[in-house]
Amino acid sequence: GQQLNQSPQSMFIQEGEDVSMNCTSSSIFNTWLWYKQDPGEGPVLLIALYKAGELTSNGRLTAQFGITRKDSFLNISASIPSDVGIYFCAGQTDAGNMLTFGGGTRLMVKP
Amino acid sequence: ETGVTQTPRHLVMGMTNKKSLKCEQHLGHNAMYWYKQSAKKPLELMFVYNFKEQTENNSVPSRFSPECPNSSHLFLHLHTLQPEDSALYLCASSQEVRRIYGYTFGSGTRLTVV
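Protein chains in written order, with my numbering: chain C, 2 to 112; chain Y, 807 to 920.
Derived from the structure by calculation, the hints contain no laboratory data.
A virtual CB, placed ideally from N, CA and C, is assigned to each residue, including glycine.
Don't take each hint at face value.
[As the list claims (entries may be wrong)] Sample of chain C residues at the chain Y side, in silico, Cβ under 10 angstroms:
(1) 36
(2) 38
(3) 42
(4) 99
[Unchecked claim] What follows is a set of in silico ranges between Cβ atoms, one per label pair, in the way DEER data are often shown:
(5) 822(Y) / 40(C): 27 to 37 angstroms
(6) 21(C) / 823(Y): 42 to 52 angstroms
(7) 107(C) / 889(Y): 19 to 29 angstroms
Just need the whole structure built from these sequences, with the hints factored in.
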């Protein structure tokens, strides 16, 4: 089946630093989604990408749909303590197929 | 509040107990999902319902039994579980299976089997 390799698995950074994480796959995806899961809660959708090469921002978050359609990137600028959580990428190949989730990146921010 | 409500938030049950997890969505969605989230593992899809019909059973053991009486409600009935079934169980919904606008997740039920 399809697999999404998400890296890094965890990051421990200083408040104010920028963060980058990515997802790669051997399969082509037509939709990429990025979710954040706060401790004790379910994942919440941050950004959705529907077109190869698309670059979309949501506040301090910016995500890109890779031109090969096999990868996606999420950047967080000027991190703050409330950015702590687990970030998941998810991809969909074609309409009618389930989302495939990456393993998550656990972000910890030191004040 | 995401529009997807799961109850209870926490559940501790013995291996011989029978319990049920409940999920309710107020978003007008037609597809509902059960996911299992264990420590250090990716989200595992368990069941998918589209317009009340089960369309996916991802090789889930029969001790987990889903029920979808209507498009707004989804249950997961549990019986004779094992300690390794302890996990966060997440419910999600979407407009319908064949179109992706992103899944909306509930806050989950933290299940501990003792």
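Each hint tested on the structure:
no. : hint                                : in the structure
1   : 36                                  : 8 angstroms, holds
2   : 38                                  : 8 angstroms, holds
3   : 42                                  : 5 angstroms, holds
4   : 99                                  : 6 angstroms, holds
5   : 822(Y) / 40(C): 27 to 37 angstroms  : 31 angstroms, holds
6   : 21(C) / 823(Y): 42 to 52 angstroms  : 45 angstroms, holds
7   : 107(C) / 889(Y): 19 to 29 angstroms : 24 angstroms, holds
Hint check: no violations occur; every hint is consistent with the structure.
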